Structure formats: C-alpha cells, structure tokens
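A.B. asks: On the provided structure of chain L, position chain X as indicated by the hints.
If you're matching them up, the sequences are chains L and X in order.
Going by the numbering used here, the first residue of the first sequence is number 1, and it counts up by one from there.
Going by the numbering used here, the first residue of the second sequence is number 1, and it counts up by one from there.
If you are wondering where the hints come from, they were derived from the structure by calculation, not from laboratory data.
Quick caveat: nothing in here was measured; it's all calculated off a predicted structure.
There's no promise every hint is true.
Stated by the list, open to error - Result set (DSSO-like, lysine-lysine): computed pairs, CA atoms no more than 30 Å apart in a straight line:
1. Lys30(X) x Lys85(L)
2. Lys47(X) x Lys124(L)
3. Lys38(X) x Lys121(L)
4. Lys47(X) x Lys30(X)
5. Lys85(L) x Lys113(L)
6. Lys121(L) x Lys36(X)
7. Lys80(L) x Lys19(X)
8. Lys19(X) x Lys38(X)
9. Lys19(X) x Lys47(X)
10. Lys113(L) x Lys30(X)
11. Lys87(L) x Lys47(X)
12. Lys38(X) x Lys87(L)
13. Lys125(L) x Lys113(L)
14. Lys19(X) x Lys125(L)
15. Lys113(L) x Lys124(L)
16. Lys36(X) x Lys19(X)
17. Lys121(L) x Lys47(X)
18. Lys36(X) x Lys87(L)
19. Lys36(X) x Lys47(X)
20. Lys87(L) x Lys113(L)
21. Lys124(L) x Lys30(X)
22. Lys113(L) x Lys80(L)
23. Lys30(X) x Lys19(X)
Unchecked claim - Rough simulated footprint, nothing fancy, chain X against chain L, three-plus residues with beta-carbon under 8 Å:
24. 71-80
25. 84-92
26. 160-173
Backbone N, C-alpha and C define an ideal beta-carbon position, used for all residues, glycine too.
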Amino acid sequence: MPTLFNSFNSNTTTTNTSSTTVANIWFLWVNTNTVTSTAVTNIWDCWAQTIVNQQLTREQRLEFERQQLESRARYERETKEMAQKEKEANERAEALLLECLSVDQVAEYRRNKFFIVQGGKSGKKYRIRQGRSNNIDLLDGERITHRLCCHPGAFLPAPDNMLAQKVLLELQEEEFVRTANIHAV
Amino acid sequence: MSNLHVLDATGDSETPWNKDNQAEIDAARKVFDDFKRKNYLAYSVEKSGNSIVHNFNPELELIVMTPPNVGG
Numbered sequence: 001m002p003t004l005f006n007s008f009n010s011n012t013t014t015t016n017t018s019s020t021t022v023a024n025i026w027f028l029w030v031n032t033n034t035v036t037s038t039a040v041t042n043i044w045d046c047w048a049q050t051i052v053n054q055q056l057t058r059e060q061r062l063e064f065e066r067q068q069l070e071s072r073a074r075y076e077r078e079t080k081e082m083a084q085k086e087k088e089a090n091e092r093a094e095a096l097l098l099e100c101l102s103v104d105q106v107a108e109y110r111r112n113k114f115f116i117v118q119g120g121k122s123g124k125k126y127r128i129r130q131g132r133s134n135n136i137d138l139l140d141g142e143r144i145t146h147r148l149c150c151h152p153g154a155f156l157p158a159p160d161n162m163l164a165q166k167v168l169l170e171l172q173e174e175e176f177v178r179t180a181n182i183h184a185v
Numbered sequence: 001m002s003n004l005h006v007l008d009a010t011g012d013s014e015t016p017w018n019k020d021n022q023a024e025i026d027a028a029r030k031v032f033d034d035f036k037r038k039n040y041l042a043y044s045v046e047k048s049g050n051s052i053v054h055n056f057n058p059e060l061e062l063i064v065m066t067p068p069n070v071g072g
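Next comes chain L alone, as it looks inside the complex (with noise of 0.2 Å):
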C-alpha cells in the first residue's frame, strides 16, 4: 500500500494531475488490492453512479429551465393576444354604443364615459357610468338616490354592456328594475 500511494502521488505530482494518469492508477490500485477489491469496487461504482445521477440531473434541470422559458414565452404571447383582442371588442363595442347614442349623450360619454337615460316607463332619469355592474344611478335632478345592478348575464365589454342597459331601461324599464339590485344612497 505504501508504494502504491507514493506511485499515486508521484504520478500525479510528475503528470501534472493527469486525468488519464490517475484513472489508471486508480484501477491499478483497485485491482491489486486483493483484500479490500470488492469493497473498493463497490465504492467506485458508487461513485460513478453519483457523477451519472449528476450528470442526469442536470440535464434534467436544463431541459426544465427550457421549458420554464417555454412557458413564459407563450404566457407572454397569449397575454398580449387577449390584451389586443379585447382592445379591439371594445372598440367595436364602443363603436355601436355611439351609434345608438343621441348627440347629447355621445357629447356626454365622449367628456365624462357617463350618459343620461329616461325611463321609458317613469321618466326618470338614470346616468349609466362606463362600466358592467353597478355601474347605473337613479337621479332626482343631480343627487344620486339610489344605485342599481342590473346587466346582461354574459360577459361583454363595457360600451355593449351600457348599451344593453340603456335600451332595457328606455323599453322595459319595469322589469329591469324588478330584476336589478337596488341600493338607497
């Protein structure tokens, strides 16, 4: 033994840490040791497998890094896709409304994103707020007295979803206010 380590350490001392040097002086060593071979054996494949498992894990982890990145990337894309079709839905929306408005109120939405409406029904006068609930205030001439909650039950954007209530409560006032959620002010 003590000749094989001073050969170990003179190998390597003379070889400059040669890999290969010492690979071979290792198996050298292994081999010729007959009363700890299997032992030593055993702890080098040990070994092995652990630089193997390492290897593995890091390969692991790189792929999981790539998809990770991957993940981001489309969330990003997907992201800035709905952010531009819904951009464009309420465009579209916003569009209609206008439409639909009389001069008054486009002038009103255009400068506040608010109009008045009279119910077809009462007369009164209810200011729709851009928005899809909540969003409606029953007026006696510029005090708010009660808050109503009342809209389409699929999601639409915000210009569709005052449109919508703007021609219930002109043409079905009743039973818009049947249906809403009414709050006093």
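C.D. replies: Below, chain X without anything else, positioned relative to chain L:
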C-alpha cells in the same frame, strides 16, 4: 343595408342583409330566431325611436340582440 348585431365578448357579431336579397334575409332571420330561443332580447334602434322586436322584420335598419339580464 340593414344589420343585426348580437352582443358578445368580441364586441358583437354582425349579420347584414339587403332588403332585396332573400337569401340574406333568411340568414339574418335564422340568426335572430336562434338567439331568441336562447332568451336573448331584441331591440330595434332607429333615429325615430327604439322598440322591442319580437319577430324578425326585414324592414328594420338596425336590430341589437343582448343576452338576458341578471341582477347584480
């Protein structure tokens, strides 16, 4: 050219028809009837005033259909 607008998440889907074109009228009537069966509400929006539409009328200029309403 008249138009049927069905409000949806994309803004609305349009079905235009020309009063002289029976095929277009039939197509618009079919869309109208399909959404009426889904309890959509239909309104005629005209300069002279809005009105509820129960049956498809090809003489109308603009029909808007909205999903049924719910209380908030």
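A.B. asks: Hint compliance check: list the failing hint numbers for this structure, sorted ascending.
C.D. replies: Per hint list: 7, 10, 14, 21, 24 violated.
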